[in-house]
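Given the coordinates of chain E, assemble chain R onto it according to the supplied hints.
Heads up: the protein sequence lines correspond to chains E and R, in order.
Following this note's numbering, the numbering of the first sequence begins with 1 at its first residue and continues without gaps.
Following this note's numbering, the numbering of the second sequence begins with 1 at its first residue and continues without gaps.
Honestly, the hints are just simulated from the structure, not real lab data.
Predicted model only: the values in this text are computed from it and were never measured.
Beta carbons: idealized from backbone N, C-alpha and C, even for Gly.
Since no wrong hints were added, every one of them can be taken at face value.
Computed footprint of chain E on chain R, listed as stretches where at least three residues anywhere in the stretch have a Cβ under 8 Å from a Cβ of chain E: (1) 121–128; (2) 210–218; (3) 232–246; (4) 350–359.
Using 25 Å as the maximum straight-line C-alpha spacing, the simulated SDA-like pairs for lysine to any residue come out as follows: (5) 124(R) x 282(E); (6) 311(R) x 117(E); (7) 209(E) x 177(E); (8) 150(R) x 87(R); (9) 130(R) x 286(E); (10) 378(R) x 255(R); (11) 161(E) x 348(E); (12) 130(E) x 365(R); (13) 209(R) x 291(E); (14) 124(R) x 230(E); (15) 378(R) x 172(R); (16) 130(E) x 348(R); (17) 341(E) x 390(E).
Just so you have them, the derived chain E footprint on chain R, three or more residues with Cβ under 8 Å: (18) 188–202; (19) 290–301; (20) 363–369.
Protein chains: 2
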Amino acid sequence: MTKTNDERLLDKKITRRQMMKMTGAGAVGLAIGASGMGGVLKAFGKDILEDQSTVANKVDFYGKHQSGIATAVQTSIYFASLNVLVTSKSQLQDLFQMWTPLAVQMMNGDLIGTASENALIPPKDTGEAKGLDANNLTITFGVGPSLFEKKELGLSHLKPKELQDLPHFPKDQLEETFTGGDICIQACADDPQVAFHAVRNLIRAASGKVSLKWSQAGFNSIPLKNGKKETPRNLFAFKDGTENPITDNEKDMNEVVWVQSGDSKPWMAGGTYLVARRIQMHLETWDRTALREQEATFGRHRGSGAPLGKKGEFEAMDIDRKDANGNPIVPETSHTFLAKKANARLLRRSFSYSSGVMDATGTFDAGLLFISFQKNPKQFIKIQNSLGRLDKMNEYITHRGSALFACFPGIKKGSYIGEALFNTL
Amino acid sequence: MTKTNDERLLDKKITRRQMMKMTGAGAVGLAIGASGMGGVLKAFGKDILEDQSTVANKVDFYGKHQSGIATAVQTSIYFASLNVLVTSKSQLQDLFQMWTPLAVQMMNGDLIGTASENALIPPKDTGEAKGLDANNLTITFGVGPSLFEKKELGLSHLKPKELQDLPHFPKDQLEETFTGGDICIQACADDPQVAFHAVRNLIRAASGKVSLKWSQAGFNSIPLKNGKKETPRNLFAFKDGTENPITDNEKDMNEVVWVQSGDSKPWMAGGTYLVARRIQMHLETWDRTALREQEATFGRHRGSGAPLGKKGEFEAMDIDRKDANGNPIVPETSHTFLAKKANARLLRRSFSYSSGVMDATGTFDAGLLFISFQKNPKQFIKIQNSLGRLDKMNEYITHRGSALFACFPGIKKGSYIGEALFNTL
Numbered sequence: 001m002t003k004t005n006d007e008r009l010l011d012k013k014i015t016r017r018q019m020m021k022m023t024g025a026g027a028v029g030l031a032i033g034a035s036g037m038g039g040v041l042k043a044f045g046k047d048i049l050e051d052q053s054t055v056a057n058k059v060d061f062y063g064k065h066q067s068g069i070a071t072a073v074q075t076s077i078y079f080a081s082l083n084v085l086v087t088s089k090s091q092l093q094d095l096f097q098m099w100t101p102l103a104v105q106m107m108n109g110d111l112i113g114t115a116s117e118n119a120l121i122p123p124k125d126t127g128e129a130k131g132l133d134a135n136n137l138t139i140t141f142g143v144g145p146s147l148f149e150k151k152e153l154g155l156s157h158l159k160p161k162e163l164q165d166l167p168h169f170p171k172d173q174l175e176e177t178f179t180g181g182d183i184c185i186q187a188c189a190d191d192p193q194v195a196f197h198a199v200r201n202l203i204r205a206a207s208g209k210v211s212l213k214w215s216q217a218g219f220n221s222i223p224l225k226n227g228k229k230e231t232p233r234n235l236f237a238f239k240d241g242t243e244n245p246i247t248d249n250e251k252d253m254n255e256v257v258w259v260q261s262g263d264s265k266p267w268m269a270g271g272t273y274l275v276a277r278r279i280q281m282h283l284e285t286w287d288r289t290a291l292r293e294q295e296a297t298f299g300r301h302r303g304s305g306a307p308l309g310k311k312g313e314f315e316a317m318d319i320d321r322k323d324a325n326g327n328p329i330v331p332e333t334s335h336t337f338l339a340k341k342a343n344a345r346l347l348r349r350s351f352s353y354s355s356g357v358m359d360a361t362g363t364f365d366a367g368l369l370f371i372s373f374q375k376n377p378k379q380f381i382k383i384q385n386s387l388g389r390l391d392k393m394n395e396y397i398t399h400r401g402s403a404l405f406a407c408f409p410g411i412k413k414g415s416y417i418g419e420a421l422f423n424t425l
Numbered sequence: 001m002t003k004t005n006d007e008r009l010l011d012k013k014i015t016r017r018q019m020m021k022m023t024g025a026g027a028v029g030l031a032i033g034a035s036g037m038g039g040v041l042k043a044f045g046k047d048i049l050e051d052q053s054t055v056a057n058k059v060d061f062y063g064k065h066q067s068g069i070a071t072a073v074q075t076s077i078y079f080a081s082l083n084v085l086v087t088s089k090s091q092l093q094d095l096f097q098m099w100t101p102l103a104v105q106m107m108n109g110d111l112i113g114t115a116s117e118n119a120l121i122p123p124k125d126t127g128e129a130k131g132l133d134a135n136n137l138t139i140t141f142g143v144g145p146s147l148f149e150k151k152e153l154g155l156s157h158l159k160p161k162e163l164q165d166l167p168h169f170p171k172d173q174l175e176e177t178f179t180g181g182d183i184c185i186q187a188c189a190d191d192p193q194v195a196f197h198a199v200r201n202l203i204r205a206a207s208g209k210v211s212l213k214w215s216q217a218g219f220n221s222i223p224l225k226n227g228k229k230e231t232p233r234n235l236f237a238f239k240d241g242t243e244n245p246i247t248d249n250e251k252d253m254n255e256v257v258w259v260q261s262g263d264s265k266p267w268m269a270g271g272t273y274l275v276a277r278r279i280q281m282h283l284e285t286w287d288r289t290a291l292r293e294q295e296a297t298f299g300r301h302r303g304s305g306a307p308l309g310k311k312g313e314f315e316a317m318d319i320d321r322k323d324a325n326g327n328p329i330v331p332e333t334s335h336t337f338l339a340k341k342a343n344a345r346l347l348r349r350s351f352s353y354s355s356g357v358m359d360a361t362g363t364f365d366a367g368l369l370f371i372s373f374q375k376n377p378k379q380f381i382k383i384q385n386s387l388g389r390l391d392k393m394n395e396y397i398t399h400r401g402s403a404l405f406a407c408f409p410g411i412k413k414g415s416y417i418g419e420a421l422f423n424t425l
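Same shape as in the complex, but just chain E:
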């Protein structure tokens, strides 16, 4: 029997990634209907032809920008903040050079080191990710203000003026155990063990050179509708990330996220600033709050994610709308109203966490590991100051941790993480 084009197309080896793409649609109960399997093939043939990668679920380590920023958000994060123990710039340079091939291997879904093991020494790879694929692992490296203040490292003249500890914001209750750090490693993947494995192996390889200051695991559950990923919901059940810049729109990303040449120290061109905030969410209080009040707190409808008084999630917020009596439709103390009023934009890339119980109160220790990327920390500061004491959300959340990191630009093949910083005298 002569094969159809669709069948020929499928005679290629189909990677896990491609098969998952095909299933995206099936996943929400797509009725294949009268067209049979041929229809499915037509709908997905383009992806199958275009994606020639032989490594399953892999994100490229090399590129103009680091991974884990513009990358579609994954389901798991393990975020680690480290202090450095090395005492010279060249030792620090060695550290990032040593980390580079390990990050490449792990993002390729490989174990680090070689397959053959000498039983008389510890295995090169800690091994818990064996048998799991790359799971879209991304590893994002950044450096904090405190790194540049270590005199022995001789980096103070290279510190961007933007890289300063975030100011104290009203209602902050920061704990030292979730605040600051010299270096961050953000590992995100579609599997928690793969994300944890990445951080664990990088820290292990840097034994004696760094210490773990704080860390936080988190998750995102991404609903699928007609095969398309929807905006995930935070633990207050509201969609989080609706107003994000379009990550594959270069103009948008250059305006909001990527440091441009001349914006800052030259080594930061193509990089970005990462703000991390560990925000406890008082779920028990929130869950006693009427739906109308919850929506007035966010300024959005809970179900659809639409701006108050509108239908669609992605309709313009338009905070100046008034009702028949001249009252604002989006309350002036709502989170969105105040954030919008600041007239600044961020790329939000947050994860929820559920870390047990607050011993003192017996309530959930759960909330949001808020992460945003912006070309200048002022964008975040402007918004946070606008929220200030007015934000109705303050009743329901407490900021417990905070950190700011300058994330290096992307890495070219043959180069290493942070090369531009270390090559500057």
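Frame of chain E, contents of chain R only:
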């Protein structure tokens, strides 16, 4: 054009569950080869025809036994230990009656309550699982020894003699914040937000009737090989669960897991005992240990999971094997040797956790939420006593939490969780 049988087959509505089954094979890079898509259909047609469920990824709440015990292990757990605040047996009965339909709804992938919301009151469902399917959610309920000691509840005569706090084991360093509890709720799902949502909504619905004593989130990453799920690895990179009874072998499960009529108090027939141990794993120490020593600690090969000196994961352990010099091949101080020597069996159903940093030492707060099911807690006690002070594993782990719960038998339609307990005078 006349449709082939395969195409007709696909003209049914395909649920997410079915499509995922199809992808199981694709997920490991199945070469579809010369047979084209027809081959895929032939391979999976049987599943598609047999599975008529219209709810995606659903585990049945009702049955002879509770879900989440014999159920294939999921990727996420949120385990909660509660204390009760109610002061009479009938109030406690009301609590479990009230929980029953909520558990059914959530396991069906539905939000609790009704879809229409009154904006002037708090929503019935906390909402963060909206848009996510059931994700094989299971909810398992158990009661701890302390519940029966509350005089006001009048349950003391119904306490099984097996239901006693576990004895102190050598090297235990239990913390009150991870120990004991009157009631446990074990929520497992293939999504962390779905598991957390279940516990949160049950506790919320019981506001004023229970308080949260401790909780722990965990994960399992399950490798796929040729479309088949493999035994997951713990954070020491060893496979965990190899020796488990076969969960769909009724004889095996009756011997190891399910309380039989006459074994205990009548209300426990068809139930089981759940042991939970929060075991910190000292990853940094482990990662400095030679592969041979790691394998001598477990008594198994790390890569394959096979008993030392054997090739296949599922080959018999046979701890009496000697080498040419008459020395035991499986070291007498290895975890497996000592566990095997106890001549007792368990159903292990554990999850890894990564909960940040141990403040005092800056090491990972990570490890295993060990969970086992057995028809009598003595099975666990026997093994744990055999491990005792000899177990080489003691160098690398610390037991930080412990609890024992009697899990009710399964629930019949029209009945409710724990009915047999409350119906006994």
